[in-house]
Amino acid sequence: SQKIEQNSEALNIQEGKTATLTCNYTNYSPAYLQWYRQDPGRGPVFLLLIRENEKEKRKERLKVTFDTTLKQSLFHITASQPADSATYLCALASYSSASKIIFGSGTRLSIRP
Amino acid sequence: DTAVSQTPKYLVTQMGNDKSIKCEQNLGHDTMYWYKQDSKKFLKIMFSYNNKELIINETVPNRFSPKSPDKAHLNLHINSLELGDSAVYFCASSQDGETEAFFGQGTRLTVV
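Chains C and H are the protein sequences, given in the same order. Those letters in the first sequence? Residues 1 to 113, by the numbering used here. Those letters in the second sequence? Residues 1001 to 1112, by the numbering used here.
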């Protein structure tokens, strides 16, 4: 069955360092891989999308890589700040499953001052 | 202006009751979804609709019945509520169905 794993349930790093979150998937051929941020008591908010034919995407301090051979995406936040503390969700969609975005279980990131 | 709004934000009800959650989006998107987020924070898709038409039904018990009167609205009706239905339910929308979903603030349902 299709599976998305974010293999760190929680990540705790020092302010100013780069946070790296991992998303692995199995039995899936995604056309798009997306990252969302979720704060407590709120709905997820879209951050970045990367397509199957792209290797890397950047937006300000965020960088996403996508390796379809390894079936893995890495999500980096450089120069991390306490305000970056949140849960980050990886999400996949494919051409064969229209109108369906499936989510990983998330990584709770804490940035300590 | 709220892009995706759902009501109510909190819902506490007894087992066996029937309840509805309403969702509206003002983004002009064609696709709308319902997701359930359990106590472990796992976000699981329940339904998706495209232009009022049901596309995805992820083996959800038939006590859950979504209704889309038009493409801007997707309501969720739940019959005979059970303790295990307690969760946060999120409505979302997307222009093309596969990318950049916009979520509502969630409805925390507690069944007692």
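It is possible that some hints are incorrect.
As a list, the in silico DSSO-like pairs of lysine-lysine whose alpha-carbon atoms are at most 30 Å apart [claimed, not checked]: (1) K71(C) to K1009(H); (2) K1040(H) to K1067(H); (3) K1040(H) to K1009(H); (4) K1067(H) to K59(C); (5) K1044(H) to K1009(H); (6) K1041(H) to K100(C); (7) K100(C) to K1052(H); (8) K71(C) to K17(C).
These are computed hints drawn from the structure, not numbers from a lab.
Here's how the hints hold up against the structure:
1. Using a Cα cut-off of 30 Å, the hinted pair K71(C) and K1009(H) is violated, with the two alpha carbons roughly 37 Å apart.
2. With a C-alpha separation of about 27 Å, the suggested pair K1040(H) and K1067(H) falls inside the 30 Å cut-off, and the hint holds.
3. Distance hint between K1040(H) and K1009(H) is fulfilled; the C-alpha atoms sit about 19 Å from each other, no more than 30 Å.
4. Taking the CA atoms of K1067(H) and K59(C), the gap is about 37 Å. The hint is violated against a cut of 30 Å.
5. The suggested pairing of K1044(H) with K1009(H) holds, with an alpha-carbon distance near 19 Å, which does not exceed 30 Å.
6. As the CA atoms of K1041(H) and K100(C) are separated by approximately 19 Å, the hinted pair is consistent with the 30 Å bound.
7. Only pairs whose Cα atoms come within 30 Å are accepted, and K100(C) paired with K1052(H) is accepted, the gap being roughly 15 Å.
8. Distance check on the hinted pair: K71(C) and K17(C) sit about 26 Å apart at the alpha-carbon level, within 30 Å; holds.
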